[in-house]
Amino acid sequence: YPPVIAGGANGLSLHYVKNSQVLRDGDLLLVDAGAEYHHYTSDVTRTWPVNGKFSAAQKRVYEAVLDCNQQIIAAHAGGPHSGMAIQSLSAKLLTERLGDFWVLKG
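Each residue of the sequence shown is one higher than the last, beginning at 93 in the working numbering.
Everything labelled a hint here was simulated from the structure, so no lab data went into it. Mixed in with the good hints, there may be bad ones.
[What the hints assert, rightly or not] Computed spacing ranges between beta-carbons, pair by pair:
#1 V114 - G171: 13 to 23 Å
#2 K184 - R116: 33 to 43 Å
#3 E128 - N161: 22 to 32 Å
Glycine included, every Cβ here is placed at the ideal spot set by N, Cα and C.
Could you build all of it, start to finish, from the sequences and the hints given here?
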């Protein structure tokens, strides 16, 4: 699929592919890129501050998501786990952490 490269409000649009928005100071740049090789598919999504530094609010969200990511990895280390178990824990942790500052309600 074509990469999603978006900033500002378009970074919130699922599969925004026009990729023509001017990036502004304070915006976040979202890159969602995928690849396929011999029926193996994978993708990576990353977000960076355009000006090189997260605002205070952006940093809080980044740190909350990073903390959830680390907890999920630790909880599922050492053996096979179902995708549903990982998804369930991810949803629980993200809802709790992002709900702490009203980004998500769940």
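The hints, checked one at a time:
1. V114 - G171: 13 to 23 Å: The hinted range 13 to 23 Å is violated for V114 and G171, with Cβ atoms some 47 Å apart.
2. K184 - R116: 33 to 43 Å: Given range 33 to 43 Å: holds, Cβ gap about 35 Å.
3. E128 - N161: 22 to 32 Å: Roughly 25 Å apart at Cβ, these two residues keep to the hinted range, so it holds.
Consistency with the previously given hints fails for number 1 only.
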